[in-house]
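Chains A and B supply the protein sequences, listed in that same order. The first sequence begins at 1 in UniProt numbering and counts up by one. The second sequence begins at 1 in UniProt numbering and counts up by one.
These are calculated hints, taken from the structure and not from any lab test. There may be inaccurate statements among the hints.
Below, a list of computed lysine-lysine pairs in the DSSO-like style, where the Cα atoms sit at most 30 Å apart [to be verified]: (1) Lys29(A) <-> Lys191(B); (2) Lys142(A) <-> Lys60(B); (3) Lys43(B) <-> Lys149(A); (4) Lys30(A) <-> Lys191(B); (5) Lys59(B) <-> Lys62(A); (6) Lys92(A) <-> Lys274(A); (7) Lys109(B) <-> Lys155(A); (8) Lys167(B) <-> Lys155(A); (9) Lys43(B) <-> Lys142(A); (10) Lys155(A) <-> Lys60(B); (11) Lys59(B) <-> Lys142(A); (12) Lys83(A) <-> Lys119(B); (13) Lys155(A) <-> Lys59(B); (14) Lys59(B) <-> Lys149(A).
If you want the building blocks of each chain, they are given just below.
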Amino acid sequence: MHFRVSPITMSIVSSLPQAFTKPTISVDKKAEEVQSFYQQITLYYPDHMSEERDRLLDNIEKLVMTRIYKSVFCLHSSQDEQKDLFLHKRIKSLSWVTPRMLQLPLAEGSQEEKNGISCSVTALIEMDSKRAPQDKLSCVSKACNYLYKSIQSCKMEPATADDLLSCLIYSTLKANPPRLWSNLEYITRFCNPKRLMAGECGYYFTNLCCAVSFIETLEASSLGLKQDEFKRLMQGSEVTTCVSGNGLSILQQIQKNKELLVELQHRQDTLFQKAKCLGKELEAWTRSVQVEIQEIVSRFPLDAKAPPESCV
Amino acid sequence: MAAGGGGGAGGSSSSKTYSFKVVLLGEGCVGKTSLVLRYCENKFNDKHITTLQASFLTKKLNIGGKRVNLAIWDTAGQERFHALGPIYYRDSNGAILVYDITDEDSFQKVKNWVKELRKMLGNEICLCIVGNKVDLEKERHVSVQEAEAYAESVGAKHYHTSAKQNKGIEELFLDLCKRMIETAQVDERAKGNGPSQSGGARRGVQIVDDEPQAQSAGGCCSG
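Generate the whole structure from the sequences, applying the supplied hints.
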């Protein structure tokens, strides 16, 4: 079976790219074609060979999508680019959101929190550099697994969906992954649907979609804030994007150091003046000593030649 | 409403494998996590729990010669995440809605979810309403009659479980699987000639969900 199928699929695969890279065809149409192509391949395989079929599909998906990537990902003509920019701005304007507002199940300031979040941030950013949908998906899975580990070690019990989602929202905010919207759309369009529907990767991807949807629509109540407080933070974020969390303490430190330097300068100035005074005083003193000696010498000339012994 | 997503696998051979997606809904403290952990790992409040997570679990079953791969998706149940529900439900074959029999509010929440699920997935989805913590029967605040009558009125089945005492859980999942197989078979027959078309033709998760499934079935079902 396997050998009979391979040449056919290979010939289809090799003829695919020309058809899929045509700029006249819309991305959605291309996605439809690719999906029905996946579908055709599954038809060749009976049910008991499902494992081989899935493996083959994975490889074909990787091959095809790597080849046609540039002609279907984040095109200028599509709305995706606009949406990417919008999402990027939105996440940037929410840089003040703290772990506490999102009720993360991680101990605040703990090593687990920092490690888990920063590793998952890296994985989310990495997604944009991959080409095949399955490789992008495994970045999302990696991000979630880092989060699971830190949740488990903080809570000492298995992570739930609420735990995962709140952490993933926070990581997404911190990562602000490049071309996030385009990546999600691309995966939805071109990934093998079986993966997205029931597989573990599909679960993590769904959570990322939830995180993005939450970020897009979040308001004061979603973060447990009052309306005016939320407004103030949103307005403030434009001016002081970097002044949140760690940024604040750094700025305070700089201010403090500046004050210390000014004081030091002042003290050095006085020291310098006093030193000058001291110098002058010393000069005056040596001069006065010389004058005094001169005076004494002139007053008592050295006539020690003949001490008159007789007069004692 | 298009195919029950996972109606699963094709082929007309006698050994079929069904893949089902089941979403798990319930407020934070109703014990839904304990329920699935009990079912998939047979653990309850284990001090030595090594399971990393209880949000995505799988289980393989064999029911009368039919193989079933069950994927159980926990959903974020906190109020602030309420609007995200539909993103999780998409393409699911079954839903387990858990409430705590000592907590009237948790039962009200279940009612809200039922409405939402029916609106989105119609009658394709098999609903199970589960009253958990029957070991606390003395503190019951949701009457059996009321719960069962409600379940019947919305075309759902009602179950009583105790994750602590491991009661009713096997039955719940077994029953759900049988119902999902039936639904998938009806679905296949309705489609007639194309048994292996089920599932695969549909696109997976859609991010924008204004019109659930309306356009996603698209032209792929050329068969």
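Here is how each hint holds up against the structure:
1. Lys29(A) <-> Lys191(B): With a Cα-Cα distance of about 25 Å, the restraint between Lys29(A) and Lys191(B) holds, given a limit of 30 Å.
2. Lys142(A) <-> Lys60(B): 24 Å, holds
3. Lys43(B) <-> Lys149(A): 19 Å, holds
4. Lys30(A) <-> Lys191(B): 26 Å, holds
5. Lys59(B) <-> Lys62(A): Judged against 30 Å, a Cα distance of about 28 Å means the pair holds.
6. Lys92(A) <-> Lys274(A): Between Lys92(A) and Lys274(A) the Cα gap is close to 54 Å, so the pair fails against 30 Å, i.e. violated.
7. Lys109(B) <-> Lys155(A): Cα-Cα ~26 Å, so holds.
8. Lys167(B) <-> Lys155(A): 27 Å, holds
9. Lys43(B) <-> Lys142(A): 26 Å, holds
10. Lys155(A) <-> Lys60(B): Distance ~29 Å between Lys155(A) and Lys60(B) Cα, so the pair holds.
11. Lys59(B) <-> Lys142(A): Answer holds: Lys59(B) to Lys142(A) is near 22 Å, not above 30 Å.
12. Lys83(A) <-> Lys119(B): 28 Å, holds
13. Lys155(A) <-> Lys59(B): 25 Å, holds
14. Lys59(B) <-> Lys149(A): Judged against 30 Å, a Cα distance of about 22 Å means the pair holds.
In terms of the numbered hints stated before, the structure departs from hint 6 and from no other.
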